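Q: The lines below spell out each chain.
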Amino acid sequence: MGARIVALMIKEFLSLLKDKKSRVVVVVPPILQLIVFGYAATFDLSHVPYAVYNEDGGAPAQDLLAGFRGSQNFLESAFITHEEQIRPLIDNKKVLMVVHLGPTFSRDLLSGAPASLQVIIDGRNSNTAMLALNYANSIVGSFNEEWTKEHGLSGPPARLVARAWFNPNLESRWFIVPGIVGLLTLVVTMLVTALSVAREREQGTFDQLLVTPFRPVEILIGKALPGFIIGTFEATVITLMAVFWFKVPLLGSVITLYAGIALFLLSAIGVGLMISSLAVTQQQGLLGAFLFLVPAIILSGFTTPIANMPQVIQDITLLNPMRYFMVVLRGIFLEGAPFHILISQLWPMAVIGVVNLALAGWLFRHRMY
Amino acid sequence: MRMRGLVRKELLQVIRDPSSIAIAFLMPVVLLILFGYGVSLDAEHVPIALVVEHPDAETAGFTSVFRQSRYFSPVGFREMKGAEDAMRKGLVDGIIHLREDFSRRTRDAGGAPVQVIVNGIDANNARLISGYVEGAWSTWLQQKAIADGVAGVPVQVEQRVWFNSEMRSRNFLVPGLIAVIMTLIGALLTALVVAREWERGTMEALMVTPVTMKEILLGKLVPYFFLGMGGMALSVTMAVWQFGVPLRGSLAVLFASSSLFLLVALGMGLLISTLAKNQFVAGQVAIIVTFLPAFILSGFIFDIGSMPAPIRLFTHVIAARYFVEILQTVFLAGNVWPVILPNALALLLMAAVFFGIIRRKSRKRLD
Amino acid sequence: MTAPASTKGAPAAGEERVISVREVSKIFRPGGRPVSALARVSMEIRRGIITGLVGPDGAGKTTLMRILAGLMIPDSGEVNVLGMSAISQSLKVQASIGYMPQRFGLYEDLTMRENMDLYADLQGVPEESRPERFQELLRMTGLSAFTSRLARRLSGGMKQKLGLACTLIRPPQLLLLDEPTVGVDPVSRRELWTIVARLVREGGMTVLLSTAYLDEAEHCGEVIILHEGQVLGSGPPNDFKRQVKDRTFAVRAGGIKKRDVQESLAVTQGVLDAVIQGDSVRVVTETAALPDAATLLPGIENVSIQPVPPRFEDGFIAILRELRKGEGTKGSAAAVAPALAKNKANGDHIIEVRDVERRFGDFYAVKGITFDVKRGEVFGLLGANGAGKSTTFRMLCGLLPASGGRLLVDNTDLRHAAAAARSRIGYMSQKFSLYGNLSVRQNLHFFSSAYGLSGQRRTERISSVLEQFELSGYADTRSLDLSLGHKQRLAMACALMHEPDVLFLDEPTSGVDPLARREFWHRINELSGRGVTVLVTTHFMEESEYCDRLAIMSAGRILALGQPGDIKAMAATPETPEPSMEDAFISLIMADEQAGDSR
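Chains as they are written, first to last, in my numbering: chain A, 1 to 369; chain B, 1 to 367; chain C, 1 to 599.
Pulled a few chain C residues facing chain B out of the computed Cβ check, cut under 8 Å:
(1) 72
(2) 73
(3) 90
(4) 94
(5) 95
(6) 101
(7) 102
(8) 105
(9) 109
(10) 114
(11) 119
(12) 123
(13) 124
Keep in mind the hints are simulated off the structure, nothing from the lab.
This structure is a prediction, so every number in the text was calculated from the model and none was measured.
A virtual CB, placed ideally from N, CA and C, is assigned to each residue, including glycine.
Using the sequences and the hints, build the whole thing.
A: Next up, the structure:
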């Protein structure tokens with residue numbers, strides 16, 4: 001039985017890697033996507049254009065504005081003198097934000113009355129707006145602190161000392177890049193496995209395979225192992241790039257990481273072979289893979305937190321192997337989470353994998369027409 | 001007469017073979033529901049640990065702000081250790097730590113330090129949470145200043161958010177999604193149907209009749225344009241009724257810009273299938289070149305302005321980028337011509353380029 | 001409405017050149033490797049007759065047709081159609097010709113009427129003249145009763161006639177038909193020829209028709225033989241026959257199986273070709289002299305040799321043999337001459353099929369068939385596309401469960417049998433289904449391992465089949481790049497790696513040239529001689545003569561079952577005392593249809 005499976009695997013590798021197109025599919029898109037995702041998929045804001053509407057000529061106002069000017073996050077791109085100028089600037093997306101200091105700003109501040117700084121912001125993209133507001137708030141916060149210190153005022157009764165665990169500079173890339181390890185491993189494994197049976201069916205070789213003494217289990221293993229090896233290779237390359245190119249820390253143990261990768265691949269291959277054995281043509285296989293991949297990625301917490309989804313959809317995500325792998329990856333990369341903490345994330349992937357593989361093996365023989 | 005024959009044939013095929021109807025109508029609904037609910041940046045009821053080492057009236061005042069906020073669902077702790085465990089296990093996303101001497105130190109010059117720890121793994125979410133914490137903290141400061149009859153902070157930020165005052169992320173995500181989905185659907189519709197003719201050998205039979213290539217292409221474009229507009233209308237209806245996104249611009253502008261965009265998307269599909277001639281390859285290419293680029297590089301979720309310059313430059317060839325901008329503006333801001341016109345012009349240019357290439361590439365030839 | 005040629009006092013048939021092709025070459029580059037589809041082809045086609053373009057798959061027939069229709073541009077050469085250049089004036093050419101592509105160019109999800117309407121629109125046939133024209137075409141094709149049926153639901157023969165009707169909506173001066181008869185049952189084939197002949201006779205139309213069936217060449221006014229992109233010869237069919245004049249004979253040897261007679265004749269010196277025809281073996285010799293029985297079949301008595309009139313196929317084979325002289329063998333050197341008079345086909349039943357049916361939805365692909373196959377027998381399933389042959393095969397091999405009935409191969413049902421039971425059968429499926437981007441050796445290696453061969457034994461088997469199937473020179477070629485004939489050989493080699501007891505061959509000879517087909521049957525004979533049971537499907541009627549017994553299938557049912565001679569005898573009438581297998585098939589189908597009507 002061993003020799004037969006090896007023959008099956010060799011054949012599988014040969015037919016995959018001898019074809020230029022499939023070689024390209026395995027290598028090029030992952031690297032392109034890693035670069036595009038790594039650099040483009042960021043929530044960090046930089047150089048947000050804003051306008052200043054300063055009706056107050058006082059020195060304190062200048063001090064406050066200097067805080068904005070000195071920030072990497074903002075870029076002063078207009079200076080306006082009339083109220084009416086605000087609307088066209090924001091409407092036309094020339095600036096995201098207008099910082100408005102009223103005529104009594106300095107006077108209020110010096111007299112000890114609460115002075116107010118008006119921030120008008122374009123809320124079309126509420127996430128960007130929220131982040132820009134946070135940046136503005138912290139600039140004003142540090143100004144306040146300075147001001148109280150310099151003028152010997154009694155400060156606020158409490159101050160926040162904020163710290164972020166696991167990602168002290170709150171870099172989006174640290175969040176996105178480990179996720180990409182999962183994303184691309186999933187995509188490539190799906191493409192390798194979801195089309196493999198369908199391709200053989202289309203070319204008629206699957207019939208040829210079924211009339212040989214191969215048992216469904218053997219075919220299943222022969223089909224699964226190449227996907228497993230390619231997936232592991234893919235995950236390794238991307239992990240290396242994440243660590244050495246994108247400089248994302250890898251705090252946890254490599255062994256735990258590979259345990260996670262292995263179980264995730266098991267589940268991905270299970271789903272892939274399941275789709276493949278349902279599909280009669282490669283086109284159906286592709287469509288099936290697409291219909292699985294899109295929700296699997298969206299509902300994995302890869303870009304947006306699962307906790308933000310409605311409860312029903314959160315329940316659905318429990319069926320998504322990618323969801324568990326995201327937690328495992330980020331846990332190992334950034335938190336250095338040990339194996340025992342991740343067990344709750346690992347066993348569901350194993351279950352998903354085994355159930356799908358069993359179904360796929362059954363379908364090999366029973367879906368023939 | 002030839003055009004009429006081609007269009008009628010295409011319509012009959014659409015009716016007999018429900019797959020294109022499914023692509024045009026079912027896919028946007030499913031995708032919109034999936035994405036509309038699945039993609040949300042609004043963190044609410046964030047689980048947060050409130051560690052109060054020595055509870056008294058002062059700390060109660062502080063924590064009540066958190067308990068009343070819709071952004072938080074706090075869990076109480078007496079010790080840091082329990083809270084830290086909860087954070088490591090992912091049960092809470094942040095910790096607010098009030099030390100034993102909190103009440104006493106509120107009277108110090110520097111004020112009592114409040115330790116805030118957020119889980120920084122999801123940086124965006126972490127930033128939003130710290131923003132919420134800061135908001136809650138300033139609310140508390142104000143309440144306390146009023147109660148104690150003293151001045152509050154020297155400068156207060158008075159924020160006004162235009163177009164989306166509740167800061168609902170769905171309001172900008174859903175219009176953007178429509179652009180992403182229609183890119184995929186437009187391209188898939190034409191890519192598959194033209195490739196199907198090649199595959200079934202009917203293209204050969206069409207070509208040898210006196211029809212011109214222009215008529216064959218137009219005959220494909222017209223029915224699927226209407227089908228695509230149907231899908232578009234369905235998506236807009238869902239955005240407004242299902243997701244409650246305000247539509248502030250006029251329907252006419254929405255209609256006009258959508259038609260323009262659909263031309264680009266259909267053109268892309270036609271081009272793909274003209275080059276691929278095989279349904280499988282055409283489908284593969286359509287998915288690869290439309291979906292992911294539109295998703296990541298259109299600015300629908302990730303801010304284009306913050307991307308590195310080479311990638312920012314590259315986004316200019318993504319048609320969805322222009323449509324996302326138009327849609328977000330027409331839905332949330334209204335008919336802002338200085339935004340709409342340049343983007344519409346870019347779409348027009350792209351359509352012209354696509355059809356120009358198609359015209360050159362599709363001769364009445366089989367080789 | 002009649003074609004313009006007959007009304008306008010055009011030159012008499014056969015004088016004017018309707019098509020002239022000069023030095024046309026076309027090279028394709030699949031995957032970067034240049035493959036010459038047409039190499040300096042020159043030919044002319046005369047007005048008012050049917051010209052047949054004859055050649056196996058891959059000969060360049062379709063490429064040539066497409067170039068004539070202005071759908072492809074040749075790399076070099078001139079193409080003139082109806083006085084216009086098909087290269088620079090392709091639109092004008094397309095406006096005056098009719099062209100039916102290989103799969104008829106029908107929209108499957110449109111009805112018959114809608115298809116006709118579409119092509120009428122595209123051809124610019126005015127609305128008011130349509131009813132009359134449609135009726136004429138429907139009457140001619142006999143399709144009047146089915147106008148509202150979806151094209152998908154039509155049988156192969158009906159699709160072919162509808163495709164023809166669509167190309168004839170605006171009567172063209174020149175009609176190009178690309179393999180119109182492939183995969184169609186013999187009745188429909190005959191009907192098509194009748195229609196085409198009438199168009200030429202009554203409408204003065206010029207027809208160019210490509211075909212892989214050599215017997216169809218006999219119906220043509222002129223024949224052009226295309227082989228591997230080159231014209232091997234052209235002229236009236238009789239010219240080809242004349243080449244083998246007085247060289248064709250029918251040989252009978254009493255008491256010996258005709259297959260064995262044919263096998264020995266095939267390797268005899270001076271014999272170009274030996275095929276079974278009816279109850280005799282047809283022989284083409286190298287020289288025009290009555291051969292001597294003692295030299296033909298030494299040591300055998302009761303040999304009778306009679307001269308017979310030559311056929312087109314004889315001429316074609318003679319040309320091919322001439323062409324391949326340099327390549328040495330007749331495909332028989334590797335073979336051991338079979339032991340004459342060895343007859344093993346008297347054993348027990350190795351295959352039993354009882355009342356088997358297979359439904360797909362409400363459609364019966366196979367409807368209650370029953371037959372047995374004896375050990376060592378060559379058993380044929382004969383029928384058109386869609387008759388249920390492949391479905392039956394797939395059920396026998398356990399690839400498809402039957403909806404009802406019982407199938408046993410060597411007393412086991414392969415659907416439920418243990419894996420080991422499958423190692424006793426070999427299966428070669430309809431299309432070339434091996435791993436295309438693996439080399440010949442890698443394919444053999446894989447399939448031998450699949451059957452559990454390993455080590456020394458595997459190495460031996462691989463080298464022995466490489467030699468036996470004359471594939472040694474191609475061992476490291478990617479199997480996708482092989483010629484069709486070689487692919488077929490490789491497929492059979494893979495199915496035989498493990499020396500199975502039963503061999504299933506699904507349409508093994510479709511599309512290959514006549515020499516490759518002969519070679520193939522030679523191998524089958526050899527296997528049968530060694531006691532292997534062979535089940536084979538085919539739609540070439542004449543191939544049924546090679547079978548010990550056969551079943552004729554149509555629409556999922558067996559119409560007749562028995563030895564070839566018996567089946568033909570059933571169809572004998574006073575008018576045709578010695579019917580061919582095709583005649584027998586047609587009369588069986590006709591009788592079945594009548595029975596169906598009266599039922």
